[in-house]
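Given the sequences, and given the hints that come with them, work out the whole structure.
Those sequence lines, one after another, are chains E and A. When the letters of the first sequence are read in order and numbered with this note's numbering, they come out as residues 717 to 846. When the letters of the second sequence are read in order and numbered with this note's numbering, they come out as residues 3 to 273.
No lab work stands behind these hints, which were simulated from the structure alone. These figures come from a predicted structure and were not determined experimentally. One or more hints might be untrue.
SDA-like, lysine to any residue: derived pairs with alpha carbons at most 20 Å apart [said to hold, decoys possible]: (1) Lys54/A x Asp832/E; (2) Lys205/A x Glu841/E; (3) Lys220/A x Lys844/E; (4) Lys205/A x Asp832/E; (5) Lys220/A x Ser808/E; (6) Lys53/A x Ser791/E; (7) Lys844/E x Lys205/A; (8) Lys722/E x Phe738/E.
Here are some chain A residues pointing at chain E (derived, C-beta under 7 Å) [unchecked claim]: (9) Leu41; (10) Val126; (11) Glu130; (12) Val131; (13) Ile196; (14) Arg203.
Beta carbons are placed, not taken as given, at the ideal position from N, Cα and C, and that holds for glycine.
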Amino acid sequence: MYDSGKIITGLVIFVALFASPFILNVGGGAPAVPQPSLDTPAIKSMGNPVCVRENMQSNHMQVLDLWRDSVVRDSNHTAPGIDGQLYEMSLSNTCMECHSNKAEFCDRCHTYAAVDPFCWDCHIEPPKEG
Amino acid sequence: MKSDRRHFLKAAGVATIGVAAGATAAEANLLDSAKELLLGPKGAAPYPEAKKNARWAMVVDTRKLTAESMEKMIHACNHAHNIPLHPLRKKGDKYNKDEIKWIWEEEFENAFPGQMNEHLPPKVTQNEVLVLCNQCENPACVRVCPTKATFQRDDGIVIMDFHRCIGCRFCMAACPYGSRSFNFKDPRIASLEINPEFPTRMKGVVEKCNFCAEQLDKGLQPHCVEACENGELVFGDMNDPESEIRKVLRNNYTIRRKPEVGTQPQVYYIV
Ligand code: SF4
Ligand code: SF4
Ligand code: SF4
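Structure below.
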């Protein structure tokens, strides 16, 4: 092979550069993953939480999307909660009734992940607490 | 060497397809089970009070309309649906170019341009009538909408999925009744006190009367009908021969707006 020395040196430099963000991060440079707060009067007053049988933290986008189509396109408005009762599939009127702390619940992660969903351009935010 | 590379590429290709196919099948399964989990075993359930297999329609009794009663019905709709009341753009403007209209008062000759016989009774021609989306059986707006944001439900209601509207306004050009409005401005800057139960819209989205689908799905009457005090509006199920609306239509002569354009309006007028 010709120039194998140069190629290998180049490769080593490339790999080092490519991996540098990961390597540098090992020390824990990134801010801690935020936890959405479940501390609202509605949730506290509930004995057992009555939410959805799903990992909402990682799947709420799919769940909300499914609900949105179900309500708007198929006129189906209710879905079972963990307790088996039917609840209205409504972001502003059901989800936010418990999660009335939008800033500590929704925004905390959305800000961390730099996603800016436009739900609130139309759906009404719960009034600020306090 | 050459042959090795070819083999490798082939194997890689097959593997990619396999992974892709596997993923979609798995995803589909996941989606199905997630759907069942999230919407209940038979798909989502509507409210139990909702009437099934209906074809909704409305009768407007223009003999009973008064300025005050119309005002009340319009206000009920505006409030329930967070319809913005934009101020006139500049002093001296006669028409509001930003206006959003779901239900409004219209002069008889504008509402029924084909009906203007000479020497009609003044009580017919001089009074304003209440107009709204006709919830056409054969809606032109649905046919032209490229995104299916405007669609017709099984119960005949022509409704908008505001999430999908791209604001192309084909539907506004197609509707023969001017029943649709475009949000040139952010509706929230001019909203009444906001009703949290119903979303507002965004700038760039079209909107119109939805026959209060949100009420019907709960077994309730539309807001404008609830606001009537003297039976100015009759709302009901055309598929049910015993319904109030069918009785009213049997016993009164009614006209519809621009029947000649073939959209089959489902709002009937007693004059
Ligand atoms: S403006 Fe919206 S509803 Fe109208 S045709 Fe375009 S996408 Fe459809
Ligand atoms: S009145 Fe216009 S907007 Fe309403 S359904 Fe008919 S064509 Fe569509
Ligand atoms: S039926 Fe509902 S949406 Fe339509 S005009 Fe009446 S109140 Fe408004």
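Here is how each hint holds up against the structure:
For the hint pairing lysine 54/A with aspartate 832/E, the CA-to-CA distance comes to about 39 Å; that exceeds 20 Å, so the pair is violated. Using a Cα cut-off of 20 Å, the hinted pair lysine 205/A and glutamate 841/E holds, with the two alpha carbons roughly 18 Å apart. Taking the CA atoms of lysine 220/A and lysine 844/E, the gap is about 29 Å. The hint is violated against a cut of 20 Å. Proximity of lysine 205/A to aspartate 832/E is assessed by CA-CA distance (about 17 Å); at most 20 Å being required, the pair is judged to hold.
Our distance criterion of 20 Å between C-alpha atoms is met by lysine 220/A and serine 808/E, whose separation comes to about 17 Å. Taking the CA atoms of lysine 53/A and serine 791/E, the gap is near 12 Å; set against the 20 Å cutoff, the hint holds. Restraint check for lysine 844/E and lysine 205/A: the C-alpha separation of about 24 Å exceeds 20 Å, so the hint is violated. The straight-line distance between the Cα atoms of lysine 722/E and phenylalanine 738/E is roughly 25 Å, outside the 20 Å bound, and the hint therefore fails.
The restraint placing leucine 41/A at the interface with chain E holds, with a minimum CB-CB distance near 5 Å, inside the 7 Å limit. Using the Cβ-Cβ criterion of 7 Å, the hint placing valine 126/A at the interface with chain E is not satisfied: the shortest such distance is roughly 38 Å. For glutamate 130/A, the interface hint is violated, the least distance from its beta-carbon to any beta-carbon of chain E being 32 Å, above 7 Å. Interface hint at valine 131/A: violated, since its Cβ lies 30 Å from the closest Cβ of chain E, which is beyond the 7 Å cut-off.
Residue-level restraint check for isoleucine 196/A holds (minimum Cβ-Cβ distance to chain E is 6 Å; threshold 7 Å). The beta carbon of arginine 203/A is positioned within 7 Å of a beta carbon in chain E (closest approach about 6 Å), and the interface hint is therefore held.
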